[in-house]
Every structure is written in C-alpha cells, then in structure tokens.
Amino acid sequence: MVKYITDYFRWLFLPSMFLFRSGQPKEYKVPGWEDILFVDNPDDISEVNNRTGDIFLGGAGNEFLGPLFGEQSVFLLDQEEHLFARKVLARSVSTSVNENVLSELKKFVCDEVDKSVLGGNVYLDEWVRRLTMTAMVRIVLGEKDSDFIKEVFTLFEKTTGFMANIVSYRKSFWNPENFFSVGRIVASIVKDIDKLIYSEIENARNNRNKDDDSVMSWLVMNQEAYGYDDQFIRDNVVSMIAAGYDTTGSSITWMLYWYSSDDNALNLGKSVSHGDGSLVDSFISETLRYCSPIEILPRKVSPDHVDEALEITKYNLESGEGEVKDMPMVCPCPHRVHHDPKVFDNPEMFVADRFLKKSYKKNEYLPFGGGRRLCLGANLGRTLLSLVIHVFIEKNVNIALSKKKFRPIRRNVSIWPGFKMRSRFYDNN
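Quick note on numbering: the numbering used here labels position 51 of the sequence shown as 51, and the sequence is numbered without any gaps.
Please note that a few of the clues may not be correct.
[To be verified] Okay, derived cross-link-like pairs now, SDA-like style, lysine to any residue, Cα gap no bigger than 20 Å in a straight line:
1. K395 with N428
2. K195 with E143
3. K314 with D35
4. K395 with R424
5. K395 with H274
6. K3 with F13
7. K115 with D427
8. K29 with L65
9. K191 with E63
10. K300 with G66
11. K115 with N428
12. K26 with L14
13. K158 with R130
14. K300 with A60
15. K300 with W174
Simulated from the structure, these hints should not be mistaken for laboratory data.
With the hints as extra help, turn the sequences into a complete structure.
Written as structure tokens, this is what we have:
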C-alpha cells in the first residue's frame, strides 16, 4: 500500500523523475491509470509516429481527457473520424488567426504588462494563464467581454488545475454516477461549461456576422456543409480552449522564466534593436526544447495489432516470473529526447542560441508531437509565444522572481516551472 501511494504521488507531483532522460525508468505503472512504456529513442519515435492511427491509437490514449473534452473531441478520435475532425478544425483555425486578431491580442498584452509594471507582485503562472485564456476565448469564441472571459477562466481552472491531476490519472474517478465520486464534482463543473458553450453556439447561429472571424462562427456557418452536430462543435471548442490556454500558458511561463534568467533579456533586446530576430526564434525553440508543451504522447495499442506493436517496441510481455503481462500504453516522450546528450549537447543547460548553431530532425525535436497527430495549434502556440516575448523586449520590461529554484511540477497534462511563482515586473528604461 505504501508503494502504491508513493508511486501515485511521484507521478502526480514529481514529474522530473520521469521526463528527463538520465536514469529514468523505461516503464512505470501509474496506480489507478495505466502501465506506461516510455519511447525515448528518436528512431523508435519515428516508428511509432508512422504507425499512429492503425497500430498505436492516440484517441484511445487520450481517454483520460474525456470527462472534459467529450467523445467527439479531435483528441479522443481515431482513424477516419480523427482525420475528418482535423480537416474541419484546421480550416476553422486558419481563418481565425489573422492580423486583426493578433493586433488586438498584442494591445491586450501590452496593457497587461503596463498594469503589472505599475502594480505590485503577481503570480507569474496565473498571470500567464489569464493571458492565454483571453487569447483562446477571443480566437475560439470571438468574445472580448472581460466578465465573460473571467467566468470561463474560473470554470476551466477547476478542471485543469493541480487537483485535476488526481482525476485525470485515476480511472475510478471518471464515473459521475457514484454519489461520492470525484467524477460527480467534475461533471457538475462541466455542466456549467456546457451551458456557456451551447449558449455561444446559439448566439453564433442566430446572429451570423461575416465580420466574426472566430472558430465558433466558422464551425456554425459550415455545420450543414460538413454534417457535424452541435456536440461536435461543443467538444472541439472546449478542447481547443482547454488545451490551448493550458499548454501555451505553460510554454509562455517557461519562456518568461528563462527570459528573466542570466543575461537573456539583455541579449534578446540587443539582437532585436539591431534588426535581427533570429536569436528570439532560437530562444523560443530552446524554451520548447527544454520543456515542451506536450509531456508524453499516450498511444494505446490496437487489440488487432499487438504483434506488430511488440515488434516495433521490442517489448517483452513475459515478466521475470514467467507471467504474461498486458501490453502497456506506448508513450513517445519528447522531454527525454530533448534531454538526450546524444542528440543535444549539454541538454540540462538552457542555451538561448542553440538553434542558431545546429538544426535537428523531426524525430529529435518534437515539442508539438509529430506524424498524423501533430498538434493542430502548433503554429498558433508559437505565434503567441513570439507575440508575448516581443512585447517584453520592445517595452524593455523584465521579471524578478522571488524564487529561482528549479522545480518542475505537473499541472494536469502540462509541466510548469513552479507553483505560485511570485514575481515582480520592472521597467529597465
């Protein structure tokens, strides 16, 4: 029982034990969730990515996201259904992320930075999540009202925060039917989210506006042409908001953590002042290398392709005692590849100009996953990182963190550099 509790606690709250390469276990049993087989060799990751969709099922692997995302979410679908959802959502996003929206978001970020410089201490991680939630609500729902955004933020924080670790990685908590189940609480929160989203669907349907460039507007206007129902819209709108604000928030927080360290702010400022944006691009790439927004890529093995999966993973189903084990969840792990000294020199060091010196293959650098399940929001995420860091550089604003101790923590599906990161924004001018 002690080992059971200890193993569960380690997975939930000590992610550095699993995600960084040296000396880490190849397999791990997450009590109450899954047996995990980490894939951390670039060539093996290519093999898994190439066969994701038939042998390795990403949708089935993301089952733990179901209570919030819904069964028609692109994250939970496989094969033809997944390809259909990707096609629809890719088109909706491509029309929604435009110069007008980015200009609005840049003004918002500028205002928030100015307020924080004039104000007192802030919690950097929460400050960033509010920022990314505002961006996602504007892009996905087309909403700008601060009270509405605050309401959405409050609800999503309840489902994606640290306590969500316990629900996501424990199957018995997914069931909302049991009166004493944690899943019942989650279902109640999701019900409130649904009220908001379905109301937004009706508003978009009843007040069609050609100037509305949101994902929601596109999905409603093209619903008849593609033949999906309102639940498809709801599930994927919720998924995009939740995944976008959380993973992008994590990446921006890491970026600002490193921006405030060493001479990075000074060097980036000099580079931009000389009209050279290459160091900023490398700095963002290094941020995404050091702690990518996607910690693992969970893939369940199709029951019809176990033999092929065994051949690819070289996994042995027979235990040392001669017992036959079940096939574990196969999980390509970007973090371990990104911290492999065979791939990256001095991988535990943050090197801002690393990507100016060398380029890397797709199976060596994969912050947004790869293959058929490459993150749909990869370009958007990188765009938002660039927008935020350029605001700090242009305003010559830096951040003083009260604690610089490096201690990565898990916040549901993403990894953050700390909890309640007390900080102060200050003007360098």
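Legend entry - Enumerated hints in conflict with the structure, sorted upward: Failing hints: none at all.
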